[in-house]
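Given the coordinates of chain A, work out where chain B should sit on it, guided by the hints.
Protein chains: 2
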Amino acid sequence: MARIVQKFGGTSVGDIARIRNVANRVKAEIDRGNEVAVVVSAMSGVTNQLVAYCNELSADHDQREYDAVVATGEQVTSGLLAIALQGLGIQARSWSGWQIPIISDDAHGKARIVDIKGDEIDKSMKAGHVAVIAGFQGIGPDNRVSTLGRGGSDTTAVAVAAAIKADRCDIYTDVDGVYTTDPRIVKSARKVDKISYEEMLEMASLGAKVLQTRSVEMAMKHRVRVQVLSSFSDAPGTLVCDEDEIVEKELVTGIAYSRDEAKVTLIGVSDQPGIAAGVFGPLSAANINVDMIVQNTSQDGTTDITFTTTRTDLDRALKVVKESIKVPYKSIGSDKSVVKVSVIGVGMRSHAGVAQTMFKALADKGINIQVISTSEIKVSVLIAEEYTELALRALHTAYGLDAA
Amino acid sequence: MARIVQKFGGTSVGDIARIRNVANRVKAEIDRGNEVAVVVSAMSGVTNQLVAYCNELSADHDQREYDAVVATGEQVTSGLLAIALQGLGIQARSWSGWQIPIISDDAHGKARIVDIKGDEIDKSMKAGHVAVIAGFQGIGPDNRVSTLGRGGSDTTAVAVAAAIKADRCDIYTDVDGVYTTDPRIVKSARKVDKISYEEMLEMASLGAKVLQTRSVEMAMKHRVRVQVLSSFSDAPGTLVCDEDEIVEKELVTGIAYSRDEAKVTLIGVSDQPGIAAGVFGPLSAANINVDMIVQNTSQDGTTDITFTTTRTDLDRALKVVKESIKVPYKSIGSDKSVVKVSVIGVGMRSHAGVAQTMFKALADKGINIQVISTSEIKVSVLIAEEYTELALRALHTAYGLDAA
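Residue numbers (our numbering), protein chains in the order written: chain A, 1 to 404; chain B, 1 to 404.
This is chain A alone, in the form it adopts within the complex:
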């Protein structure tokens, strides 16, 4: 007997018929002899409606009240799914975040889970009850309901799995797994059977919107095996697991891209000690997230500095640079028509030449690389947005990822 956490998103529980469908999926897992806890999102559309109410009343509403309002969506689904399960003859009970409790910090609206007391759920499950848990929420140190930010139900599921020592956490979604790259762009993209936490983290944070980044971090920290699979098919999904569990390691596991990128270039910055701190200090103080940074070698006592940020932050970033940066520079330029493309794979650790394959494949297609950034398991480049599809297809082929 294994202990499984199943998580179903808003589309999967979008109406009563679909909630019944989910109940049947839970039953199938029980019929296989497993113990099950389920984490659910709000019925699709509900959260948006509740958020709209809050915004209509006040643009800068109290996040604590926002949380009290919005967290109800998941509470409704958990009660309804418990009723649906009981209708199939399965013992079940619903749990709100505060009942378990799922203890969070007090950053209302985007709280982080601090601790989950798994004892009550564990006891209830051992007594034969399926635990149906409202996702996306917890209770803060102020004894008030908190929410984890959009997509937080994934994190709830992983955290619950860690707390009750589950053998696996199955995240049901509207795609059937993690792909080598976006299958809407590259027809030959393949589903990945297994992917390591580190790789998934890069995939998730680089724009592959399958799992919330924080949920992958949590899975990695607590070594929770996570499976991503479709709630509308019976095909096996992608297992996110420890690197050691993956026998056949690919050199490159996947290719991710992010369009939410903007580039800022400071030209003719006087080259003196402390200029990087002088430029990025004020940006950091303004809470602007800077991603890639390039500083060219100095010529004539000046240098150029290029950095990227998100498109939403670009205007604020330019304002900060113009108003707060004390370092002298000649001119400033910006570009929103850029995309970041990354090749990811734990195999890179032990193999040289991975970056070179990327640079050559892009050069062969005449794609200019504007910025390069690397980490132990990824190489990212910034290119003009118009080349996105061409670059993804070229790289997918170059790394031998195309389906046979």
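One or more of the hints may lead you astray.
[Unchecked claim] Pairwise CB distance ranges (calculated):
hint, chain 1, residue 1, chain 2, residue 2, range
1, A, 230, B, 323, 50 to 60 angstroms
2, B, 142, A, 16, 19 to 29 angstroms
3, B, 15, A, 400, 56 to 66 angstroms
In case anyone wonders, no lab produced these hints; they're calculated from the structure. Just so you know, even glycine gets a beta-carbon here, dropped at the ideal spot from N, CA and C.
Structure of chain B alone, referenced to chain A:
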């Protein structure tokens, strides 16, 4: 400075514009220098939708899950109203039943409030925060959310008023007070300025759907002064208060009626000791509520027994009589076309002839009285339903209640 509890029903908070309107009403009370706690219902339609979901999944769903689902409606409204109040520059915070806590018994779906810990709310109010409380709910001994049954928000408001020692509990509704009788039927009906708890209890339980019966019982028990008034006008409402506070006592304060009545007659019951117990024991065991009972004087060793029950219970009552009653009888008859009309007034205690005025007024209009039942402050009669309007108008005039 007075401490006021305000309660707003589903229609009053039916959309965002109306929630803003309620916020303005709360502000007006604060501007008068008062401390305010607010109890809110779910936005109109929301509870029905949630109940429909539960019913669609299972006709005999788990009441604990029903409570978890349905109680969210009030939680949403409380958060939204807190946001609306903050938008007017008023400090406010929302409270769910479990946060206060409002402790109930474990009769999920129709729980009774056992205790309210007023300390936390009291502290928050003393710190200058309006308490916005989700009505209709509590937390049971099983640490799960409970609901008080439809209309339970009135009870929440009165119980909160008792717990925080409020000077008055204002129940805002879609009528502007308690009337001498139904103004849709009797054009000359007048709004009553003050009514005693005992009278209001009779009016409420006899079908004047202004306040939930249980809320009046609770107000009487804790001596909470309750005002019923309209959320859509500024007119003063009706104060439900201690009899001693009413200086000008009317002989009859109001005339109530209930169409939810059905009559059952057992003819030719053998007259022997224990027949009443033999008839009503099985009905009581089947949880059928019997209201009026008449047993005629015995003739020829047999007697007739008539009783009333609700129309919804009639079929079950007939089944119980036919199957379970051991007392021999000749035949059984039933009638759903009856109505109970009652005159109510604490003045009756000290005045004779009140019933006689009723009997004469009805006789003058040729209305036959089928059953009579009296208590210290009311006289009820069962008549054919077709005479309802005629009877109400005749009695209203006979007791001098018509507007001048």
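Comparing the hints with the structure gives:
1. A hinted range of 50 to 60 angstroms for the beta carbons of residue 230 (chain A) and residue 323 (chain B) is consistent with their spacing of about 55 angstroms.
2. Checked against the hint of 19 to 29 angstroms, the C-beta distance between residue 142 (chain B) and residue 16 (chain A) comes to roughly 26 angstroms, which is consistent with it.
3. Separated by about 58 angstroms at the C-beta atoms, residue 15 (chain B) and residue 400 (chain A) satisfy the suggested range of 56 to 66 angstroms.
Hint violations for this structure: none, all hints satisfied.
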